[in-house]
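S.K.: Please arrange chain B on chain A, whose structure you already have, making use of the hints.
Chains A and B, in that order, give the protein sequences. All the letters of the first sequence, read from the start, carry residue numbers 0 to 399 under numbering that gives the first Met the number 0. All the letters of the second sequence, read from the start, carry residue numbers 0 to 188 under numbering that gives the first Met the number 0.
Since the hints were made in silico from the structure, they are not lab data. Incorrect hints may have been included.
PhoX-like mimics (lysine-lysine), calculated; alpha carbons at most 25 angstroms apart, straight line [stated by the list, open to error]: (1) A:K276 with B:K26; (2) A:K16 with A:K329; (3) A:K358 with A:K392; (4) A:K314 with A:K339; (5) B:K121 with B:K180; (6) B:K119 with B:K77; (7) A:K221 with B:K77; (8) A:K182 with B:K180; (9) A:K221 with B:K70; (10) A:K329 with A:K339; (11) A:K221 with A:K182; (12) A:K221 with B:K26; (13) A:K31 with A:K276; (14) B:K26 with B:K119; (15) B:K70 with B:K180; (16) B:K121 with B:K50; (17) B:K77 with B:K50; (18) A:K2 with A:K182; (19) B:K45 with B:K177; (20) A:K329 with B:K26; (21) B:K174 with A:K221.
A few chain A residues facing chain B, derived, Cβ under 10 angstroms [stated by the list, open to error]: (22) V185; (23) A254; (24) R261; (25) S262; (26) V264; (27) E265.
Where a beta carbon is used, it is the ideal one built from N, C-alpha and C, also for glycine.
Read off the chains here:
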Amino acid sequence: MSKRSDMTNTHNWSGQKLVSTDYLLFEAPREKHFMTGSEVLKEAMKRCTVDASVSYPITPQSEAAHLIGELWAEGYVGTYFRGENEFGVMSEVAGCAMAGARTVTTTSGPGTLRAMENFPQWSGTRIPCQLVLMARGINSPLTIQPDNLEVSFMLETGCMIWYAENVQELFDMSIAAFTVAEKPDVHVPIITVVDGFFVSHTREAVMLPADDIALEPYDPYKAPLPPIDSETPPGRFLRDPFVMKSNYISYATHASWQWEVRSAVERSRPYAEHYLKGLIHITGEDDAEIAFVTCGTASNQAKEAHRELMKLGIKTKVIKLRTIRPFPAKELLAAVEGIKHIFVPEFNVVGWLEKEVRKELYNKCEADIVGGPRVAGGMSMPAEAIIAEVMEKINPGKGA
Amino acid sequence: MANQGPAYYSPYPAATYEGVITPPEGKALLLEDVVDEETAMREIAKQMLTKENATIFPGPQVLYAWSDEAKRKATLIKEMAEVLNANMIPMYDYRPKYPKIDAEVEINPNHPNLTIWENKIKAAIFIGVHCHYANVALKIVRAETDCYTIAMCALSGHEDAMATIRDQHASDLEKFIKIAKEVKSELGV
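Chain A extracted, bound-state conformation (with noise of 0.2 angstroms):
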């Protein structure tokens, strides 16, 4: 049975042999198999010696859920439980993680909203748990369809978000993704997003190390804050951050907090550096003078439009943003130098992304910023139309 008592120094309790992050992810021997997102995300906490998971269904991210439910059948997974609906699940997440367990959850859409209150409690309360956010649209109208403006909800609450483009991103980013967050001088939730369906439910190839090897177990008295224990003093029954004390608080002491856990947030910029090689990925041609700047799938259909304008002799490049919270705005800057015009396609109505681009870009860059194409509500996002948007800008009125 899976307990924290049958581990060993070398193996944890279902046997699997204790390796670094690095190991796992850049030097153990991968194989190819063809997975969905949900498969491959099951994959991945198989390798995490994860201590606890509550779940709750909701559109497309259930048979995520179900399939981390499976891994505690099947012993890998220490704690396995359904919660009442997803406030439930995020505040019983929160008590998991807060007596030191290495937590993982995922929900979607309006399950995310239904949540919300306690993902800024999550980062108060400084636990490295990842939430696996597999983004759909949300009410109203109901749409149980592929958009991502909830991630816009979740920028200001303080949680580290991470964006991943396709399967093989989304294994290796929920791994890496605990790694950085449990880091003493991070240690605050992380985010990794997908785009729902897109890639939860799209198979693809994918390169993955032997499942015999996971990740060393969280060890909660490297966290910042102690976590719940009665039997180490000094005895800990809540994990008690001041600001929960009302009568000792001041606007000076929650300000300072609330800083500190941005500042946890900023702290993060080397790990992720390393695990996820670089904040931003870059395709395409270095003299080029038109970009896109993507996250997500949206990157996926960028980079078929880099094709086939080059077809057309037009020279572009993807900046793809693999890190939204922190926001990698320096290797943003140093990406667009040179280029004219900057297009931001998104899968949302709002265009978050794009302000997010235009505030850190701001005085600092003289492209044109265009927000857009812009699809959602389950819409999907063709090349054709990303090339178009090209085509008007760049030779207006003749479209493509």
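M.R.: For chain B alone, kept in the frame of chain A given last:
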């Protein structure tokens, strides 16, 4: 006081918003400069030996004999205080209280910001404290006092301290004590 930049009107600065983050492994931080650990240890010893009311604040992780490492560290910290001619104020609860505690009235208001204010401490070592509480306290102390704060951290260090050394285990404290004795001899104090 940070009244401009990313922190806007927050009364307390945050070093990360000035581009300073914790030092890489094997290195230390003196203000915003990444330096060798030994260089930092020498500067820390110098500060502690030359500033008024130099004080060591041992936190819960070295106040309780909850591990062999904690016991060993506690013994070494006592020796460290003797070498540095420093006071020692145990910091069981180092969460910064502000502003309702009346430090003149409350018995042992052992909170770093209040203690530093009240005792006019000009150099202080934080050791054995939980990182996040320490970071918040360090921000407040940095903004409100002229105390030279030093974080001797068993984990990744604290950029809001004036000097921080990281990954400090018992063997590192032994090294620091040796260096502090040399500096003390050089200074003739």
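S.K.: Against this structure, judge whether each hint is valid.
M.R.: Going down the list of hints, with the structure as the test:
Only pairs whose Cα atoms come within 25 angstroms are accepted, and K276 (chain A) paired with K26 (chain B) is accepted, the gap being roughly 22 angstroms. Between K16 (chain A) and K329 (chain A) the alpha-carbon distance is near 38 angstroms, which puts this suggested pair outside the 25 angstroms criterion. Straight-line distance between C-alpha atoms of K358 (chain A) and K392 (chain A) comes to about 22 angstroms, which keeps the hinted pair within the 25 angstroms bound. Restraint check: the Cα-Cα separation between K314 (chain A) and K339 (chain A) comes to about 12 angstroms, which is no more than 25 angstroms; the hinted pair holds.
A C-alpha spacing of about 20 angstroms is found between K121 (chain B) and K180 (chain B), which places the hinted pair at or below 25 angstroms, so the restraint holds. As the CA atoms of K119 (chain B) and K77 (chain B) are separated by approximately 22 angstroms, the hinted pair is consistent with the 25 angstroms bound. At roughly 23 angstroms between alpha-carbon atoms, K221 (chain A) and K77 (chain B) fall within 25 angstroms of each other, so this suggested pair holds. With a C-alpha separation of about 33 angstroms, the suggested pairing of K182 (chain A) with K180 (chain B) is violated against the 25 angstroms cut-off.
Distance hint between K221 (chain A) and K70 (chain B) is fulfilled; the C-alpha atoms sit about 17 angstroms from each other, no more than 25 angstroms. Only pairs whose Cα atoms come within 25 angstroms are accepted, and K329 (chain A) paired with K339 (chain A) is accepted, the gap being roughly 18 angstroms. For the given pair, K221 (chain A) sits about 8 angstroms from K182 (chain A) by alpha-carbon distance, which is consistent with the 25 angstroms threshold. Between K221 (chain A) and K26 (chain B) the CA atoms are separated by roughly 19 angstroms; this keeps the pair inside 25 angstroms, and the hint holds.
A distance of roughly 21 angstroms separates the Cα atoms of K31 (chain A) and K276 (chain A); the hinted pair therefore holds under the 25 angstroms criterion. About 30 angstroms separates the Cα atoms of K26 (chain B) and K119 (chain B), which puts this hinted pair outside 25 angstroms; it is violated. Pair hint K70 (chain B) plus K180 (chain B) holds up; C-alpha atoms about 22 angstroms apart against a cutoff of 25 angstroms. This hinted pair checks out: K121 (chain B) and K50 (chain B) have alpha carbons roughly 6 angstroms apart, not beyond 25 angstroms.
For the hint pairing K77 (chain B) with K50 (chain B), the CA-to-CA distance comes to about 19 angstroms; that is within 25 angstroms, so the pair holds. Between K2 (chain A) and K182 (chain A) the alpha-carbon distance is near 23 angstroms, which keeps this suggested pair within the 25 angstroms criterion. With a C-alpha separation of about 13 angstroms, the suggested pair K45 (chain B) and K177 (chain B) falls inside the 25 angstroms cut-off, and the hint holds. For a cut-off of 25 angstroms, the pair hint linking K329 (chain A) to K26 (chain B) stands: about 24 angstroms separates their Cα positions.
For the proposed pair K174 (chain B) and K221 (chain A), the alpha carbon gap of about 23 angstroms is at most 25 angstroms, so the pair holds. Annotation: V185 (chain A) was flagged as interfacial toward chain B, and the flag holds, the nearest CB pair being 8 angstroms apart, inside 10 angstroms. This hint holds: A254 (chain A) has a C-beta 5 angstroms from the nearest C-beta of chain B, less than the 10 angstroms allowed. At a threshold of 10 angstroms, the smallest CB-CB gap from R261 (chain A) to chain B is about 7 angstroms, leaving the interface hint in force.
The interface hint given for S262 (chain A) holds, since its Cβ lies 4 angstroms from the closest Cβ of chain B, which is under the 10 angstroms cut-off. This hint holds: V264 (chain A) has a C-beta 9 angstroms from the nearest C-beta of chain B, less than the 10 angstroms allowed. Interface restraint check for E265 (chain A): the shortest CB-CB distance to chain B comes to about 4 angstroms, inside 10 angstroms, so the restraint holds.
Checked against the numbered hints given earlier, the structure breaks hints 2, 8 and 14 and satisfies all the rest.
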